[in-house]
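Assemble the complex: chain A is given as a structure, and chain B must be docked to it using the hints.
One letter stands for each residue in the lines below.
Number of protein chains: 2
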Amino acid sequence: MPFIRTPQNTPLNNAPISSHAVKPQVSSIEEEDRVLAAGMLAQNPALVSMIQGRLGKLIGRSSGYIESLPPVIRRRITGLKGVQKEHSKLEADFQEEVLQLEKKYFAKFKPLYEKRRKIVNGIEEPSEEDITAGTAEGEDADETAKMDEDNAAEQQEVDPGIPEFWLSAMKNSTSLAETVTDRDEAALKHLVDIRMEYLERPGFRLIFEFSENEFFTNKTLVKTYFYQEENGYGGDFIYDHAEGDKIDWKPGKDLTVRIESKKQRNKNTKQTRIVKRTVPVESFFNFFTPPKPPTSEDGSQAEDEELEQRLELDYTLGEDIKEKLIPRAVDWYTGEALQFEELEELEEGEFDDEDDDDEEASDDDRDEDDEDSEEEDESGKPKQQEAAECKQS
Amino acid sequence: MPFIRTPQNTPLNNAPISSHAVKPQVSSIEEEDRVLAAGMLAQNPALVSMIQGRLGKLIGRSSGYIESLPPVIRRRITGLKGVQKEHSKLEADFQEEVLQLEKKYFAKFKPLYEKRRKIVNGIEEPSEEDITAGTAEGEDADETAKMDEDNAAEQQEVDPGIPEFWLSAMKNSTSLAETVTDRDEAALKHLVDIRMEYLERPGFRLIFEFSENEFFTNKTLVKTYFYQEENGYGGDFIYDHAEGDKIDWKPGKDLTVRIESKKQRNKNTKQTRIVKRTVPVESFFNFFTPPKPPTSEDGSQAEDEELEQRLELDYTLGEDIKEKLIPRAVDWYTGEALQFEELEELEEGEFDDEDDDDEEASDDDRDEDDEDSEEEDESGKPKQQEAAECKQS
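Chains A and B, in that order, give the protein sequences.
According to my numbering, the first sequence is numbered sequentially starting from 637.
According to my numbering, the second sequence is numbered sequentially starting from 637.
With the rest of the complex left out, here is chain A (with noise of 0.2 Å):
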């Protein structure tokens, strides 16, 4: 055959946004360590030897040949290694000028965000520009002119602006709409914009601004990511970590956990008492406590693997909403966006999350003690949506 199954090494989305951010994997990272090596060398030998034991383990799959190689030969690879090392303060240089051409678009693009932000809140009318501009071919002008009338007297009855846009939004986006539960919504609702700043340092910064609401406090919920101050394999940025604001939740309001009330029957004297205890919940709010990066090598690989995992997600929902949701809201709001999301994307994404509901596991705890159990969120409303999912197991 010509051809043979592809090794899916393409990059599965885009970023319109050009500068790279990767993850920081077990490669990276080691990376990391060897630029930090370099400079620390002199005062921290015994550092350096530790990680040299490290990278032993991922250097040297040539596995002898170059060290059977001639001296001389061997002294030509090592001469290219220097030129490499030019090549790579240049690709340094690369992304770092990419970065600043990104600042200078997000200048630009941040008159058409707020114009957004206006419009979605009543703030302001779309100019008659915008709206032809926005009418796409064919689309009825009729149609348009007819709206025109019927404005005035609808006006006084209509909503401001774009009743739950970010919500909708969020819930057409595929990695986002997976974290959003039945009873996020309810304070999504509140969502009156999401926008983006650069930081000073490498990364940026994700700003959640709410309306008041029975939830929380905050008038906005800022969640930063943190690159690596120095540039990785290939010039690109590095994720260091996540930081999210602290949501001051009003009381019995937190979203991200429910309260459990158990009836317990002693056995003796048959009487019962109620015992509350507060269960962590899927919620998107978790969005704003991410998990942290591991420091040592302590924890086993399972966990190291689950900690990778909820790292990824972490980074890749941050990735969606700068690159994908507040770039081109409205997309997501209609959902014609999804239609150029690479189509591997929509099928994992679609169909995941069945299995594997590790949390209710603790179903089967509560049988033991001779106890009536009842699950209440904390606003009293029945959670069909998790209920449904405990049928399944």
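By construction, these hints were calculated from the structure, which means they are not laboratory data.
Hints are supplied without guarantee of correctness; some may be wrong.
All copies of an identical chain are treated as equivalent in the list; a pair is satisfied when it fits inside any one copy or across any two copies.
No more than 30 Å apart at the CA atoms, straight line, and that leaves these computed lysine-lysine pairs for DSSO-like [unchecked claim]:
#: 1; residue 1: Lys855; residue 2: Lys725
#: 2; residue 1: Lys958; residue 2: Lys739
#: 3; residue 1: Lys725; residue 2: Lys751
#: 4; residue 1: Lys906; residue 2: Lys889
#: 5; residue 1: Lys754; residue 2: Lys898
#: 6; residue 1: Lys739; residue 2: Lys855
#: 7; residue 1: Lys739; residue 2: Lys889
#: 8; residue 1: Lys903; residue 2: Lys744
#: 9; residue 1: Lys754; residue 2: Lys744
#: 10; residue 1: Lys928; residue 2: Lys906
#: 11; residue 1: Lys912; residue 2: Lys725
#: 12; residue 1: Lys751; residue 2: Lys928
#: 13; residue 1: Lys906; residue 2: Lys825
#: 14; residue 1: Lys725; residue 2: Lys739
Source: prediction; values computed, not measured.
Structure of chain B alone, referenced to chain A:
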């Protein structure tokens, strides 16, 4: 649960060079169609109506929600679409500026690539500065000194340059390695250089330079990737198609085919005759006859998928050569670059490709006609790798 399985929508590899080109999937083809449609509306309404029919399948996921909104709100949404169009123009400008930045840096990389070419081919020895820069921290300085002493003595006996530099680099690259057969290696040993150039229009060409060899007369083999003239959604460049040089194979040396000789015995006369036929085989050199993107709607879904996969592989190979192999060839040669590949990629790349040897199905056909069949490739050498694969099925 606070975190769900990852929907794999982070870029699996991080392109060091940043203006994006994406393969023209259904989605981006549709986008392209839309752009074309806008310009061609007046000239060809039938075409536009056909295209709109296709778009209809994808757009409208909101299933009536937006249509159900009061006209004044729909008007605001139309206004936001207008704002979004301004944003799209800026995004295209941004991608254009990134491409210019790429070209600016490419000019800085070029002298380094030229130096590499000279060292690899024994035209020049590396400078002392390059060797010092290329000597890793902690690496034995005495060792390097020792190389120097040995140099004079060895210089005569040893090959000039770095033998099989590009072949070894290719064989360490996950995606490329899978395309290189045992037979190909004899030809790829003659690679003198792999380099790239940007086209005047959006796109690039990969240039494979060979020394004189027994396989073909071309001094260079060129593969050109063309992007579409219009940017796609989010300003990305979109692959249009690729073209490859015709390879002038020396007689009997075509690595992309093999000659099957079959002895056929006439059942009545018991006389035998030998029938030869040319069968296409897997070879890296098929890279120069890339698949053609679909132009119309014919073709079954299975055919479409197969073509889509072949196109994706072709783009992946081109991208990997442009973004990974050429920029950091020495790291591929030594294998060090592998550690910076994302793990998923390695796993998939290394353990794929076992089953589904479709073309081996012809084995079954041969017995039917009472014929002895013998395979030989044109050079008469046994094809160990392929033989091994046959046994598995």
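Going down the list of hints, with the structure as the test:
1. Lys855 - Lys725: For Lys855 and Lys725, neither the intra-copy (42 Å) nor the inter-copy (33 Å) Cα distance is at most 30 Å.
2. Lys958 - Lys739: The answer is both: 13 Å in one copy and 26 Å across copies each meet 30 Å.
3. Lys725 - Lys751: Answer is between: at 16 Å across copies they meet the 30 Å cutoff, but 40 Å inside does not.
4. Lys906 - Lys889: Neither. Shortest intra-copy (34 Å) and inter-copy (91 Å) distances fail the 30 Å Cα cut-off.
5. Lys754 - Lys898: neither (48 Å within a copy, 77 Å between copies)
6. Lys739 - Lys855: within (26 Å within a copy, 45 Å between copies)
7. Lys739 - Lys889: Neither: 38 Å inside a chain and 54 Å across chains, both beyond 30 Å.
8. Lys903 - Lys744: Neither: 71 Å inside a copy, 81 Å across copies.
9. Lys754 - Lys744: within (17 Å within a copy, 45 Å between copies)
10. Lys928 - Lys906: neither (46 Å within a copy, 78 Å between copies)
11. Lys912 - Lys725: neither (58 Å within a copy, 56 Å between copies)
12. Lys751 - Lys928: neither (36 Å within a copy, 44 Å between copies)
13. Lys906 - Lys825: neither (46 Å within a copy, 85 Å between copies)
14. Lys725 - Lys739: both (21 Å within a copy, 16 Å between copies)
Of the hints listed earlier, those the structure fails to meet are numbers 1, 4, 5, 7, 8, 10, 11, 12, 13, in rising order.
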